[in-house]
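Chain by chain, the residues:
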Amino acid sequence: MTVSATTGSLAAAAPALVPYDDAVARYEPVIGLETHVELGTVTKMFCGCRTVFGAEPNSSVCPVCLGLPGSLPVTNRVAIEYTIRIGLALNCDISTWCRFARKNYFYPDMPKDYQISQYDEPLCTDGWLDIEVDGRPVRIGIERVHLEEDTGKSLHVGGATGRIHGADYSLVDYNRAGIPLVEVVTKPVPGTGALAPEIARAYVTELRELLRALGVSDVRMEEGSLRCDVNTSIAPAGAPWGTRTETKNVNSLRSVERAVRFEIQRQAGVLDAGGRIIQETRHFQEGAGTTIAGRSKEEAQDYRYFPEPDLVPLAPSGEWVDELRAALPELPAARRARLRADWGLSALGMTALANAGALDLVEQTVAAGTTAADARKWWLGELARRANESGTELAALPVTPAQVARVAALVTAGTLNDKLARQVLDFVLAGEGEPDEIVAARGLAVVSDDGALTAAVDEAIAAHPDIAAKIRDGKTAAAGALVGAVMKATRGQADAGRARELILDRLG
Amino acid sequence: MPITRDEVAHLARLSRLALSDAELDHFAGQLDQIITAVARVQEVAAEGIPPMTHAVPVVNVLRDDVEVPCLPSALVLSQAPAAEQGRFRVPRILAED
Amino acid sequence: MSADRKICGDLTELTAAQTAAAVAAGDASAVEVTTAHLDKIAAIDARVHAFLHVAPEQALAAARAVDERRAAGEPLGPLAGVPLALKDVFTTADMPTTCGSRILENWQPPYDATITRRLRQAGVVLLGKTNMDEFAMGSSTENSAFGPSRNPWDLTRVPGGSSGGSAAAVAAYEAPLAMGTDTGGSIRQPAAVCGIVGVKPTYGGSSRYGLVAFASSLDTPGPLARTVLDAALLHEVMSGHDPCDSTSVDAPVPPVVAAARQADVAGLRIGVVSELRGDGYQPGVLARFREAVELLESIGAKVTEVSCPHFRYALPTYYLVAPSEASSNLARFDAMRYGLRVGDDGTRSADEVMSLTRAAGFGAEVKRRIILGTYALSSGYYEAYYGKAQQVRTLISRDFDAAFEQVDVLVSPTTPTTAFPIGERADDPMAMYLADLCTIPSDLAGNAALSVPCGLAPEDGLPVGLQVMAPALADDRLYRVGAAVEAALEQRWGGPLLGQAEGIG
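Chains as they are written, first to last, in our numbering: chain A, 1 to 508; chain B, 1 to 97; chain C, 1 to 505.
Take these hints with a grain of salt, some might be off.
[Said to hold, decoys possible] Here are the computed distance ranges between Cβ atoms for each label pair:
| hint | chain 1 | residue 1 | chain 2 | residue 2 | range |
| --- | --- | --- | --- | --- | --- |
| 1 | C | Arg312 | A | Glu223 | 55 to 65 Å |
| 2 | A | Trp320 | B | Gly86 | 37 to 47 Å |
| 3 | A | Glu286 | B | Ala82 | 30 to 40 Å |
| 4 | A | Ala395 | B | Leu75 | 41 to 51 Å |
| 5 | C | Gly147 | B | Gly86 | 30 to 40 Å |
| 6 | A | Gly166 | B | Asp6 | 31 to 41 Å |
| 7 | A | Ala55 | B | Ala82 | 16 to 26 Å |
| 8 | A | Glu286 | B | Gly86 | 25 to 35 Å |
| 9 | B | Asp6 | A | Gln301 | 17 to 27 Å |
[Claimed, not checked] Here are a few chain C residues that sit away from chain B, every Cβ distance over 12 Å (derived from the structure):
| hint | residue |
| --- | --- |
| 10 | Gly9 |
| 11 | Gln121 |
| 12 | Leu286 |
| 13 | Arg492 |
| 14 | Glu502 |
Derived by calculation from the structure, the hints in this document are not laboratory data. Ideal Cβ positions, reconstructed from N, Cα and C, are used throughout, including at glycine.
Only chain A is shown next, with the shape it has when bound in the complex (with noise of 0.2 Å):
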């Protein structure tokens, strides 16, 4: 049985969920991604009150983002500036003349009850963002780039979780209010099959890092400077498209995977059951990783827009946006493959540095003297594994470039062996300094004094007299195990080739 979220009555129990694979063979889904980014201006869309995130409440407002009787908006330039960058990066065509447009709907959380968006005139329009998915390049059509505000934020009070459903009473701080939102939207997606979740996510990862690359938010999922709805509809082969639900509240990378994949789960089980899909929102549950119904669409909201009348339109000039497009940075595709060239890498490895988050880092240690290889040795292998133990990202961890570069260069000089370089970057990781003061500490340097290493070879070669024997006889390969010895010995600081070296001298 399920509780209605709206109307809060029992409906009928949901149809059984198909497993991913059985539904994906027999139904196509076509998705489709709304992303809304927070720009990071220094100040609100119409106003000039500071953005800022975690502050005391009502604390960074004032007659135009509160909506008091009187208020009227004026545009921020940089705001506009940046959502045409987006657009440009996108590969969109920029409107020579548009303007904004009054959404009117009433909710708490809107000063004014109308939220100043655009409509069917948008800023950006109609490109497009390549992403690669298990090495296949997919091609994702951007159909709008367009610019709104913000609303404030409600907290719920009384209800079990904090959620609206069962609360008493909420409370509303406008800090958020009004800080420019640039609304990304995708055109429909067909043709990914079994590979709609993973195309969805990598989507959203690839358009968060192209917004880092600009500069124009700081694009945390978490705090809600990035947030995404999700479009997922299913048909038999061949069929025209099914009707499509938006799913809201996907607050992570992994969660848009998940909420597609079970979004055709589910769809699958209604339309197996000859059921039919209902127009609506839906919200993911991160826990469950379920999607529940929310608010129906069929009786869709009239918003009744029309053109703001307290702005005037809006008309980049040719100049400006070329200004713009000639100074955008290297777009993240250009700079893989730019790395990829540089570093020899094949495309599975870019995607293997990629998926670890690697890209960064190595790049950063590359550019403090270490090869690509040793880099991506230290990086994708120690490294990693240190992440994964202590359920970290690798970019979380207390370590930086310069000091794997460092340590990688200790080992290239020889000061240090693998065996060596990974206490100290284990040293590094628990806080106990640089790369260099820790191995002056602890005396972690390789050792390859002959006078040190003589004393520790005539010790092996006493306590082992048969594999002395041996080697005497000409059976050089057993000297490793007199190596190994040394080494055990030195507690594996000892240069082994060096030992190896002497060992055969003295019984060669």
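Fit chains B and C to the supplied structure of chain A, relying on the hints for placement.
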């Protein structure tokens, strides 16, 4: 085309006006008259005529991304019908948007 | 002040120009002037009900500040020390702002409107806030939630609207100046029926920041006064670009004071709008209008007739555009952040509280227009109603452009009738809307228009206004013509038209 009482009721709900039955009856008749009168604009041939913009047309009125002092939060909340924990207290919201 | 330089007689009978000169010369202190007006208000406003809020302490403090500046030898602006009545639609940080509505009863804004700020900076003394039709929707001030204002010429009649309180205050000598707003005629029509001067400047000529919005693309702040020169002085002080208002015009204020002093129409081409007369126009109004036109001809103007064919559609166009924008502008009154809240018993939802509050807080006309506007913007109706109206609006604007190719200004009666009795049209919206017939075209096109008294209608002895219309940004032409008419007529009458009123108390 007359506007029905039901349509008036729908529009009242849409605009968050809890009209009484008497008001609905009264307004329906008046609005019907008014809408018939304003519908006269449809007599005008306006193919290709752009909608009105400003009397003194201008584009690109933009401001710099520079902070301006905001309102003190105590003042902001002083006129609130209800406030709690530095926030505006509002009655329970039924559905997420 | 030395006794022999004092002004004799009632300080409230001075014009704004005379008051400013007296204060600057030290013949009267700003405090004396303010006190005289506060006394006048106390004596008669119970009967006129022009004011919703009088602020004696703040007014006297402002007056004292002017006197101190004068004593310190600092330069004073052209209206320093002159009292003014401010329509209760402008936010004031030290006085309530109700917009004539229960939903904002006792609302104390946390900020001053730009207009309020500019007036204060100019040393103008704000006496208080005047009554108005609720949210500026109306032509009689009967839609005020706090009772109507009354016409000083006949207290049983309306002072016009929506700036009825402002017009009544000036006509009753409670203030030499008032500020109003004009969306469909709400400055000019009250000015006409109260026998004073009222001006709707070019849209965007002054700031709407802090002006509680009714119809954003139409609302225009403007001056009301007893003389054309006074209106010009206020026009200059209040006007100019405001970076807080994206729709405000970034151009120099037209030289309206100079034009008012010039007052000469020799060679000026004047067009009589043929569509603005006929059925529904009171004969006495048309008679006084015709005489005014003949007078203009006799003092040197060239008069022709001009047709503006789309003006026939101005009223329906306005009653689509204005309510549509209003339905959106008034959505913010939802009981969540300020203003009235009704029905919050701890069990009701936010939507329910919003609906109960708005039902209790808005009057009938506001509700009607919200519903009408919601209808006109609805999906399926937008193209035929709001969309179409915006197109017809362009055609009306083009009619003006074409007319102004032939003439320098257009003229018409300001409103088809004189002041009607309180209650006569109160529950007949369509009849009420007809009051705006002549004024609406200029609101839709955004150009400049003025009403100046041109006589009393013979049938009822009530004031008639002559409307002058000029192209956008050519506000000075209004004052040239207005001042010329005023001078010629006052010569004929032997004094201002208001002198023929019986006066109150």
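Hints and how they fare:
At roughly 58 Å, the beta carbons of C/Arg312 and A/Glu223 sit within the given window of 55 to 65 Å. Distance hint check for A/Trp320 and B/Gly86: the Cβ-Cβ separation is about 41 Å, which falls inside the suggested range of 37 to 47 Å. Checking the proposed 30 to 40 Å range against A/Glu286 and B/Ala82 shows it holds: the Cβ atoms sit about 32 Å from each other. With their beta carbons about 43 Å apart, A/Ala395 and B/Leu75 fall inside the hinted range of 41 to 51 Å.
Evaluation of the 30 to 40 Å hint for C/Gly147 and B/Gly86 yields a pass: the beta carbon distance comes to about 39 Å. For the pair A/Gly166 and B/Asp6, the supplied restraint of 31 to 41 Å holds, since their beta-carbon distance comes to about 33 Å. For A/Ala55 and B/Ala82, the hinted distance range of 16 to 26 Å is satisfied, since their beta carbons lie about 22 Å from each other. The hinted range of 25 to 35 Å is satisfied by A/Glu286 and B/Gly86, whose Cβ atoms lie roughly 28 Å apart.
Hint check: B/Asp6 to A/Gln301, Cβ distance near 19 Å, so the stated range 17 to 27 Å holds. Listed as a non-interface residue, C/Gly9 keeps its Cβ farther than 12 Å from every Cβ of chain B; the least gap is roughly 43 Å. C/Gln121, annotated as away from the interface, keeps every beta carbon of chain B farther than 12 Å; the closest lies near 19 Å. The beta carbon of C/Leu286 sits about 24 Å from the closest Cβ of chain B, which is more than 12 Å, so the claim that it is off the interface holds.
For C/Arg492, the shortest C-beta to C-beta distance to chain B comes to about 35 Å, beyond the 12 Å cut-off, and the non-interface label holds. Residue-level check passed: C/Glu502 sits 37 Å from the nearest beta carbon of chain B, beyond 12 Å.
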